[in-house]
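Chain order of the listed sequences is X and D. Heads up: the first sequence begins at 1 in my numbering, then just goes up one per residue. Heads up: the second sequence begins at 1 in my numbering, then just goes up one per residue.
The set of hints was computed from the structure by calculation and includes no laboratory data. Just so we're clear, the structure is a prediction, and the values are computed from it rather than from any experiment. Treat the hints loosely; a few may be bogus.
Stated by the list, open to error - A few chain X residues facing chain D, derived, Cβ under 7 Å:
#, residue
1, H2
2, D5
3, G6
4, N32
5, A37
6, A47
7, F51
8, V52
9, V89
10, I93
11, F98
12, V153
13, L156
14, S173
15, P176
16, Y178
Unchecked claim - Quick list of simulated restraints, FRET-style, between CB atoms:
#, chain 1, residue 1, chain 2, residue 2, range
17, D, E29, X, R38, 41 to 49 Å
18, X, V204, D, G84, 27 to 35 Å
19, X, R215, D, G26, 39 to 47 Å
20, X, P188, D, L73, 30 to 38 Å
21, X, G14, D, G26, 17 to 25 Å
22, D, E39, X, G14, 15 to 23 Å
23, D, G84, X, W29, 21 to 29 Å
24, D, F76, X, G131, 37 to 45 Å
25, D, G26, X, L183, 22 to 30 Å
26, D, L69, X, A130, 44 to 52 Å
27, D, R95, X, R134, 23 to 31 Å
Backbone N, C-alpha and C define an ideal beta-carbon position, used for all residues, glycine too.
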Amino acid sequence: MHIPDGYLGPATYGAMFGATVPFWAFASWKLNRTLKARQAPYLALGAAFSFVIMMFNIPVLGGTTGHATGTTLIAILLGPWAAIISVSVALVIQALLFGDGGITAIGANCFTMAVAGGLTGYGVYRVIAAGSDRKSRRRLVAGAIAAYVSLNVSALLTAVLLGVQPLIEISSSGQPLYAPYPLAVTVPAMVSGHVLLFGFVEAVVTALVLKYFQRNEPAMLA
Amino acid sequence: MLALLSPLGLILPSLFGAGGAWGEWGAEEFHKLVGYVPEGMHQLAHLWKSPLKDYTVSGQTPGLARRGLGYVLTAFIGVAVTAGLAYLIANVLGRKNRDK
Numbered sequence: 001m002h003i004p005d006g007y008l009g010p011a012t013y014g015a016m017f018g019a020t021v022p023f024w025a026f027a028s029w030k031l032n033r034t035l036k037a038r039q040a041p042y043l044a045l046g047a048a049f050s051f052v053i054m055m056f057n058i059p060v061l062g063g064t065t066g067h068a069t070g071t072t073l074i075a076i077l078l079g080p081w082a083a084i085i086s087v088s089v090a091l092v093i094q095a096l097l098f099g100d101g102g103i104t105a106i107g108a109n110c111f112t113m114a115v116a117g118g119l120t121g122y123g124v125y126r127v128i129a130a131g132s133d134r135k136s137r138r139r140l141v142a143g144a145i146a147a148y149v150s151l152n153v154s155a156l157l158t159a160v161l162l163g164v165q166p167l168i169e170i171s172s173s174g175q176p177l178y179a180p181y182p183l184a185v186t187v188p189a190m191v192s193g194h195v196l197l198f199g200f201v202e203a204v205v206t207a208l209v210l211k212y213f214q215r216n217e218p219a220m221l222a
Numbered sequence: 001m002l003a004l005l006s007p008l009g010l011i012l013p014s015l016f017g018a019g020g021a022w023g024e025w026g027a028e029e030f031h032k033l034v035g036y037v038p039e040g041m042h043q044l045a046h047l048w049k050s051p052l053k054d055y056t057v058s059g060q061t062p063g064l065a066r067r068g069l070g071y072v073l074t075a076f077i078g079v080a081v082t083a084g085l086a087y088l089i090a091n092v093l094g095r096k097n098r099d100k
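With the rest of the complex left out, here is chain X:
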């Protein structure tokens, strides 16, 4: 799901920076008001967790791989704004140090995986878990469904960003300048793996970690 450099045209990656920066600003403002200094280690742990879980590449039929992001789990435990910041930190480090995701695509990748993923995951979780006891089974189901939906929203957005490139970025001779595959190819290719496999991986990881917190640190599940 990490879009590399050269796949998105300037109009798209520029717009995605434009879309993401306000969320970073708002998340920082929000955390500035609510985050306590002693919670800083949690944010660091969240970012590290997200970084490392994205290294677990899982193969699917067809010769490609995918991974979970941990965004929903972080959003449930630390809130959506902390999730946006910590997953973004992981994505920026991945792009800068490891070439995983492009520099120009940092805005786009942070929007799909951190912003959209975090807000979707948190929203779905809140709706399904509403009014339930923090140690209830419904919390686990809510976390699993939220994680599944969130990852697929991220994947779909990524597919749309890639798929619109041949529509808007064409050379004078009619050749695509950046990612050449149309929506009809990118959407099925990206979404199938996430609907069938990676979404479930994200759901299981999220539910298992939530269960751990229910048993050992229920105070974290506000």
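Fit chain D to the known structure of chain X by using the hints.
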């Protein structure tokens, strides 16, 4: 602990003969897939040289064992840098509420 297990993310795909993620090919792989490299992609693709590209330590050594070792090493580096930066940001953001 997760970092120690991270080579699984390298070993599993190679067991199944899977390549990288869909839509994350480099320019060379791209040439093989569609027969040409789009102009704009060619220009942007080499914009940035990552010091630890694709989670490998310099000097691409063949063999899954060596690559696995490099993957763990880069996982540790990445986790440390990521956690450090996030901690720094969180500390700056949480400054106001230090006493609470």
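Against the earlier hints, flag every one the structure doesn't satisfy and list their numbers going up. Per hint list: 12, 13 and 14 violated.
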